[in-house]
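**Q** So the protein lines, in turn, are chains A and B.
Under the numbering used here, the residue at position 39 of the first sequence is numbered 39, and the numbers go up by one with no gaps.
Under the numbering used here, the residue at position 245 of the second sequence is numbered 245, and the numbers go up by one with no gaps.
Any given hint could turn out to be false.
The calculated lysine to aspartate or glutamate pairs, modelled on EDC-like cross-linking and capped at a C-alpha distance of 16 Å, are [as the list claims (entries may be wrong)]: (1) B/K380 x A/D68; (2) A/K43 x A/D82; (3) A/K106 x B/D371.
Keep in mind the hints are simulated off the structure, nothing from the lab.
For clarity, every value in this text was computed on a predicted model and none was experimentally measured.
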Amino acid sequence: MYDSPALENTVDTKDIKISANNVQVFYGETHAIKDVNVAIEDKTVTAFIGPSGCGKSTFLRCLNRMNDTIDICRVEGQILLDQEDIYDPRVDPVQLRAKVGMVFQKPNPFPKSIYDNVAYGPRIHGLAKNKADLDDIVERALRRGAIWNEVKDRLHAPGTGLSGGQQQRLCIARAVATEPEVLLMDEPCSALDPIATGQVEELIDELRTSYSVVIVTHSMQQAARVSQKTAFFHLGNLVEFGETSQIFTNPVDARTESYITGRIG
Amino acid sequence: MPATWIFLFVLALAVIGYVLGRRKAMASAGGDGRLMHSLPSYYGYNAALFVLVPALLVLGAWLVAQPMVIERSVQHMIPETAYETSGELSLIMSDVHRVASGLETAVTTGQITAPQLEAMQAGSTDVRGLLGSVGVAVGSDVDAVTLEAAKSYRARNATADTLRNIVVGLLALAGMALAVLRTDKDYRARNSVEKVVLALLILAASLAVLTTLGIVFSLLANTIQFFKLYPWTDFFFGTTWAPSFGGGSELGILPLFWGTFYISLIALAVAVPIGLFAAVYLSEYAPKSVRSFAKPLLEVLAGIPTIVYGLFALLTVGPMLLTAFGPDSVGWMSGGTAVMTAGLVMGIMLIPFVSSLSDDIINAVPQSMRDGSYGLGATKSETVKQVILPAALPGIVGAVLLAASRAIGETMIVVLGAGAAARLSMNPFEAMTTVTAKIVSQLTGDADFASPEALVAFALGMTLFVITLALNVFALWIVRKYREQYD
Numbered sequence: 001m002y003d004s005p006a007l008e009n010t011v012d013t014k015d016i017k018i019s020a021n022n023v024q025v026f027y028g029e030t031h032a033i034k035d036v037n038v039a040i041e042d043k044t045v046t047a048f049i050g051p052s053g054c055g056k057s058t059f060l061r062c063l064n065r066m067n068d069t070i071d072i073c074r075v076e077g078q079i080l081l082d083q084e085d086i087y088d089p090r091v092d093p094v095q096l097r098a099k100v101g102m103v104f105q106k107p108n109p110f111p112k113s114i115y116d117n118v119a120y121g122p123r124i125h126g127l128a129k130n131k132a133d134l135d136d137i138v139e140r141a142l143r144r145g146a147i148w149n150e151v152k153d154r155l156h157a158p159g160t161g162l163s164g165g166q167q168q169r170l171c172i173a174r175a176v177a178t179e180p181e182v183l184l185m186d187e188p189c190s191a192l193d194p195i196a197t198g199q200v201e202e203l204i205d206e207l208r209t210s211y212s213v214v215i216v217t218h219s220m221q222q223a224a225r226v227s228q229k230t231a232f233f234h235l236g237n238l239v240e241f242g243e244t245s246q247i248f249t250n251p252v253d254a255r256t257e258s259y260i261t262g263r264i265g
Numbered sequence: 001m002p003a004t005w006i007f008l009f010v011l012a013l014a015v016i017g018y019v020l021g022r023r024k025a026m027a028s029a030g031g032d033g034r035l036m037h038s039l040p041s042y043y044g045y046n047a048a049l050f051v052l053v054p055a056l057l058v059l060g061a062w063l064v065a066q067p068m069v070i071e072r073s074v075q076h077m078i079p080e081t082a083y084e085t086s087g088e089l090s091l092i093m094s095d096v097h098r099v100a101s102g103l104e105t106a107v108t109t110g111q112i113t114a115p116q117l118e119a120m121q122a123g124s125t126d127v128r129g130l131l132g133s134v135g136v137a138v139g140s141d142v143d144a145v146t147l148e149a150a151k152s153y154r155a156r157n158a159t160a161d162t163l164r165n166i167v168v169g170l171l172a173l174a175g176m177a178l179a180v181l182r183t184d185k186d187y188r189a190r191n192s193v194e195k196v197v198l199a200l201l202i203l204a205a206s207l208a209v210l211t212t213l214g215i216v217f218s219l220l221a222n223t224i225q226f227f228k229l230y231p232w233t234d235f236f237f238g239t240t241w242a243p244s245f246g247g248g249s250e251l252g253i254l255p256l257f258w259g260t261f262y263i264s265l266i267a268l269a270v271a272v273p274i275g276l277f278a279a280v281y282l283s284e285y286a287p288k289s290v291r292s293f294a295k296p297l298l299e300v301l302a303g304i305p306t307i308v309y310g311l312f313a314l315l316t317v318g319p320m321l322l323t324a325f326g327p328d329s330v331g332w333m334s335g336g337t338a339v340m341t342a343g344l345v346m347g348i349m350l351i352p353f354v355s356s357l358s359d360d361i362i363n364a365v366p367q368s369m370r371d372g373s374y375g376l377g378a379t380k381s382e383t384v385k386q387v388i389l390p391a392a393l394p395g396i397v398g399a400v401l402l403a404a405s406r407a408i409g410e411t412m413i414v415v416l417g418a419g420a421a422a423r424l425s426m427n428p429f430e431a432m433t434t435v436t437a438k439i440v441s442q443l444t445g446d447a448d449f450a451s452p453e454a455l456v457a458f459a460l461g462m463t464l465f466v467i468t469l470a471l472n473v474f475a476l477w478i479v480r481k482y483r484e485q486y487d
């Protein structure tokens with residue numbers, strides 16, 4: 001049924017990177033996320049699946065406090081990153097976002113050169129000691145983003161001139177350049193063609209060796225291909241969370257089964 | 001019958017055409033609108049436009065051409081011995097017009113009849129008395145030539161009016177007949193109506209361009225006239241501005257140009273930072289409630305007439321600066337009117353131009369840019385500085401240039417705030433004046449339009465026009481070169 005179910009993906013017990021306890025999210029009067037508990041492991045790809053409007057993107061944006069930029073949004077409950085509450089008043093959301101990077105649905109390179117796009121994060125966080133160091137960081141990030149070979153000769157061309165797939169990989173490289181510990185991806189392939197999608201998926205699998213990756217996706221095939229853990233959201237509830245292989249072959253909840261077999265969605 | 005009646009007649013025909021066209025189309029489709037090519041109202045509009053467009057075009061052209069043609073033919077009746085210069089001819093012709101309109105009034109009010117008018121002789125009838133009784137005062141007795149010309153003028157006008165009404169009326173009728181005959185359910189009325197709309201749009205667009213050209217040409221003739229009387233090297237490179245209507249003036253543009261430049265520079269130095277910061281605050285930081293009253297409040301500044309700003313400069317800012325920098329303190333300033341006074345007040349005037357436009361442009365930067373930046377751990381101010389302002393830059397440059405051209409063209413604040421002395425000086429606390437202020441002072445009063453002292457105003461205007469044009473072209477080039485696309 002799926003291209004390559006992740007049955008053979010090795011699953012070891014790993015450290016918990018992020019743990020969410022009883023998280024509630026409200027948009028004004030709307031109760032968007034209801035009582036979500038989830039533990040996201042380090043060096044693992046965790047996929048959030050579910051029908052449109054089920055709250056998976058909203059929950060993802062809680063993990064780096066991107067919801068703070070929306071006035072009417074209110075988050076309750078506890079989200080721990082390395083055992084520290086990220087909603088603690090002492091935590092600077094700006095610092096947090098440097099640790100928890102994010103890649104968005106639509107590629108959004110800044111209207112700057114490719115080099116400046118990638119150097120943006122390292123520059124504002126002061127990660128480079130000098131120009132050579134910065135060049136180094138940019139090259140490493142672009143290599144990690146699997147786009148170095150395509151852009152190495154035109155680093156000073158505008159990032160917006162790249163194709164959609166290249167732009168998205170540039171955005172991933174940009175996120176990687178700040179050396180985050182967790183990488184959040186909000187439907188990173190929804191605007192891409194199948195070839196670019198394949199490249200990004202390959203990249204995600206590679207990033208797993210150094211980061212904890214959380215990916216929201218509409219494509220169940222994609223979730224099965226790239227993730228080790230899968231969480232199924234429905235109407236703001238976390239219905240089921242477990243090994244990807246188990247969710248896709250032997251779901252516990254009837255709703256999960258209906259969704260992955262295409263009856264609700 | 002005056003033109004108003006024929007105009008109303010054409011309008012009425014258009015309404016009838018609308019009804020007929022619509023009805024005929026409906027009838028040909030058997031009352032079923034789905035069988036027709038276009039919506040029923042399009043057939044009506046099509047017929048109405050067939051009535052209106054040709055008839056009104058001819059009417060318009062006729063109204064422009066008729067006075068010119070009749071004027072010329074009546075002028076031939078005046079013997080060449082009666083005048084020497086074209087000025088005297090135009091005096092005689094204006095007499096002819098007045099007598100003709102008086103005669104017209106006399107006939108319409110029933111003082112005399114048309115045959116009586118035909119028989120009227122300058123010697124035998126008291127034409128002056130007759131005209132006086134209908135409210136037209138004539139300076140002297142009307143001589144035979146003028147009377148004959150006036151009679152002929154009146155008669156020709158009446159004939160032409162009748163002819164015009166017939167032609168226009170027939171054209172309207174023919175248009176209606178043609179449109180209604182062509183109407184059936186398969187006629188492409190929608191396409192034909194949209195062609196007219198397209199023509200209307202093209203007309204509107206070309207009018208703006210043509211007006212600009214017209215303005216240039218109206219300045220051009222007088223400018224050329226000026227350069228025939230005054231050497232262009234002295235005008236462009238002269239450093240003294242000393243017009244004297246007695247002759248022997250020195251008309252160098254440099255002091256005026258320097259004044260314009262200096263005052264605009266100070267105004268922009270005030271307006272650009274304040275306006276830009278206000279825009280950043282309003283669009284990025286201000287809560288909705290603050291923004292909703294602060295933005296309109298700021299825009300009120302743009303609605304204040306510039307003469308009021310001038311009074312503010314004269315009565316408040318000037319004296320304030322004088323206390324701060326005048327003879328009682330550091331002694332840099334000798335009077336309230338100075339470059340600084342005008343520049344500051346003009347800067348205040350320009351703040352809303354910069355802030356309001358920049359605010360709109362900053363708001364147009366997509367949210368995904370902000371999200372991308374915040375997602376990398378950037379603060380709000382880093383995001384503004386490094387992502388939003390660069391993305392909005394072309395628009396901001398546009399806003400600044402709009403402000404600059406306002407500053408260059410501003411007159412009232414300069415007259416009241418900066419004084420009238422044309423001077424080349426670096427001291428911003430001295431009185432200076434600008435090109436626009438001098439254009440006004442050269443053309444007001446009883447200037448002789450043939451002297452270089454008056455004609456210089458046109459050369460100044462032309463120079464200003466060329467400079468602002470160059471500024472705009474330069475700005476467009478800058479914007480295109482440094483544009484950062486974000487889509």
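**Q** Tell me the hint numbers this structure goes against, listed in increasing order.
**A** none
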